[in-house]
Amino acid sequence: MQHSFDVVTLFLLLDIAEAGSLTAGAERARMTPSAASQRIAKLEHSIKQPVLTRLPRGVQLTEAGEVLTSRARLFRREMRAASGDLEAIRGLQRGSVRLGSFPTVSASLLSDALKEYHSRWPEVDVRVRSAVRPQLLDMLHSSEVDLALLWSYSWTEEAERSLSLETLMEDETVLLLPIDHRSDDEIALPDLRDARWIIRSNDHPAGEVLLRSCRAAGFEPDVVYEAHDYQEIEAMVAAGVGIAMVPRLAVAYHRPDVRTVTFRKQDRVPTRVIYIASLARRQYTPAMYAISRALRGAADRMATAPSV
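In terms of this note's numbering, the sequence shown has 276 at position 276, counting the first letter as 1, and numbering is strictly consecutive.
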């Protein structure tokens, strides 16, 4: 049986659950306790089961009430986001946003997003500062930037609780090979035990991905070249110096003389998550909403683009 739910009543139930009593919940919802009680009774009659258990002091959700409030909480969050998007559309006649980023995402995801952003909202000024992760976190906390594009691996120190994080995409780790290297489109990491590796300098996160992955596969990688950046890595792979393990975004627009190969899922080669971070209590301005929307669009396009 399908039920048609009254959004006002669902939000009222959520207010009651969060406030702990029908009277306090009714006050939050700006209605009288009597009207609130009638709405809850009508809801319970409609679904043919109680949503609240009346206690000597306050109320407690039943199992049905828990189900409805969890859905109502998600829906209210989406409605607030929609309200913010509408405000952004209305307000984007002028303004500015300061964005922190890092090189691999700037050269791929961000550049794509900014094309759309400048096309749709040419009057809004975007200032970007590129830095490494610790500096980006410092810039957020000191309000030098409004938003920051960040990455994290499973072992990365968690961002402070004072940050609000919006996941954009998962950036897969791939194997970079010379274009004439014979291999399947998917490769088993243990088969690369005797390979010669090109790596970012040891203190770079990509270097740690290689070391962790190879050790989990039972061997130590033979590192023959430590590179300063991914452009240098690509050049050395193309020259046949060795092979490399890189985030896919780092070679999103790569040279024609190299190619990427994926690893088997069972090898569990780490991937990194790319997200937008802001101070948790920071209210988004229309310009911040717009750049966030453009970044989500760029991430969605990359997720559906064919692999190179």
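It is worth saying that the hints were derived from the structure and are not from the lab.
Be aware that a few hints might be false.
Unchecked claim - Computed cross-link-like contacts, SDA-like style, restricted to lysine to any residue with a CA-CA straight-line distance of at most 20 Å:
(1) Lys115 with Ser142
(2) Lys42 with Arg54
(3) Lys265 with Ser154
(4) Lys42 with Leu10
(5) Lys42 with Phe11
(6) Lys42 with Val8
To see whether the hints hold, each was checked on the structure:
1. Lys115 with Ser142: Roughly 28 Å separates the two Cα atoms, so the pair is violated.
2. Lys42 with Arg54: holds (16 Å)
3. Lys265 with Ser154: Holds - the C-alpha atoms of serine 154 and lysine 265 are around 16 Å apart, at most 20 Å.
4. Lys42 with Leu10: holds (11 Å)
5. Lys42 with Phe11: holds (14 Å)
6. Lys42 with Val8: Holds, because 12 Å separates the two Cα atoms, which is no more than 20 Å.
The structure fails hint 1 only (numbered hints given earlier).
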